[in-house]
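K.L.:
Sequence:
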Amino acid sequence: MAYTKTLIHILILTLFCYSSPSLSANPTYNLQSFGAKSDGKSDCTKAFLSAWGAACAATAPATIYVPRGRFLLASNVYLSGKLCKNTAITIRIDGTLVAPSDYNALGRSEHWLQFERVTGVSIYGGTLDGQGAGLWACKNSGKSCPKGATSLAFYNSNNILVSGLTSLNSQMFHVLVDGCHNAKLINLQISAPGNSPNTDGIHVQQSSGVTIMNSHVGTGDDCVSIGPGASNLWIENLACGPGHGISIGSLGWHLQEAGVQNVTVKTATFSGTENGLGLRHGRGLAMDLSDTFSSSTL
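UniProt numbering numbers the first residue of the sequence shown as 1 and each following residue consecutively.
Keep in mind the hints are simulated off the structure, nothing from the lab.
Glycine included, each C-beta is placed from N, C-alpha and C at the ideal position.
Some hints here could point you the wrong way.
Label-pair restraints from in silico Cβ distances [what the hints assert, rightly or not]: (1) T267 - G164: 16 to 22 Å; (2) T45 - A133: 20 to 26 Å; (3) G164 - S271: 21 to 27 Å; (4) G134 - W234: 34 to 40 Å; (5) N275 - R117: 30 to 36 Å; (6) S75 - T264: 36 to 42 Å; (7) D43 - N187: 27 to 33 Å; (8) N232 - G272: 27 to 33 Å; (9) G164 - P61: 15 to 21 Å; (10) S141 - T264: 39 to 45 Å; (11) G53 - S141: 36 to 42 Å; (12) G134 - E274: 20 to 26 Å.
Mimicking PhoX-like on lysine-lysine, the simulated pairs with C-alpha atoms at most 25 Å apart in a straight line are [unchecked claim]: (13) K82 - K184; (14) K85 - K184; (15) K46 - K82; (16) K85 - K139; (17) K85 - K147.
Go ahead and model the full structure; you've got the sequences and the hints to work with.
P.N.:
Structure representation (structure tokens):
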């Protein structure tokens with residue numbers, strides 16, 4: 001009898017565990033829960049920052065969810081990890097994040113989505129629409145124009161993953177990795193017209209352990225540009241074009257400049273590009289360029 005009661009108690013406890021919501025379930029923060037509207041016209045910057053703050057305060061791995069629709073981020077979105085308690089934040093995007101069409105709104109901030117000193121941030125899916133055409137026209141006209149904003153930037157960050165993201169028509173660089181360690185950029189689709197100025201697809205500098213894989217980049221500038229201080233960079237299965245190809249440099253413009261080391265480019269295909277693999281350097285200065293290997297098809 002005692003055995004039967006014990007068995008019943010175990011069964012009841014098991015059913016309770018499977019049927020009740022887990023108290024330790026990882027939290028998800030839907031952008032619309034913070035007041036964001038998916039009409040592409042209402043500014044959702046405040047909602048995005050609020051969702052980031054909630055995810056940072058969570059004690060368990062957290063997800064920021066951007067549902068289907070167009071969400072306008074009308075100003076620089078600065079996402080700092082300085083006070084962030086969480087080192088496992090996922091941003092899952094099913095919709096499109098839209099930059100303002102007026103290039104002056106972002107052009108002088110130099111960044112649109114900017115992560116700094118974060119650890120363990122992963123971005124999955126979605127589209128970034130930089131709406132850069134207005135600024136390109138200004139630059140091509142010879143007028144005085146803002147420098148422009150990079151669509152997605154990571155500074156001084158570790159253990160970053162960006163997967164399945166589409167970046168369209170950035171004002172300046174599409175993706176920037178600066179001062180980071182262990183960043184993986186996988187299955188990216190990066191696109192801007194061949195005559196769009198300064199729209200580098202991916203720029204890496206002062207960073208180590210960066211992987212770029214299974215991606216297509218076609219812009220008006222470098223598909224991938226590699227700046228001073230980059231080391232242990234792996235590029236594999238990259239389709240490049242239109243654009244200027246893959247460029248290392250410019251290097252050697254400063255006496256104390258960090259070099260570039262251990263860059264591997266494997267199975268890269270170039271189509272409609274001005275160059276394949278290129279090295280840019282300053283005049284009369286020594287460069288530290290070592291252990292660089294490439295295997296590519298033109």
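K.L.:
In ascending order, which of the hints set out earlier in this document are inconsistent with the structure?
P.N.:
16, 17
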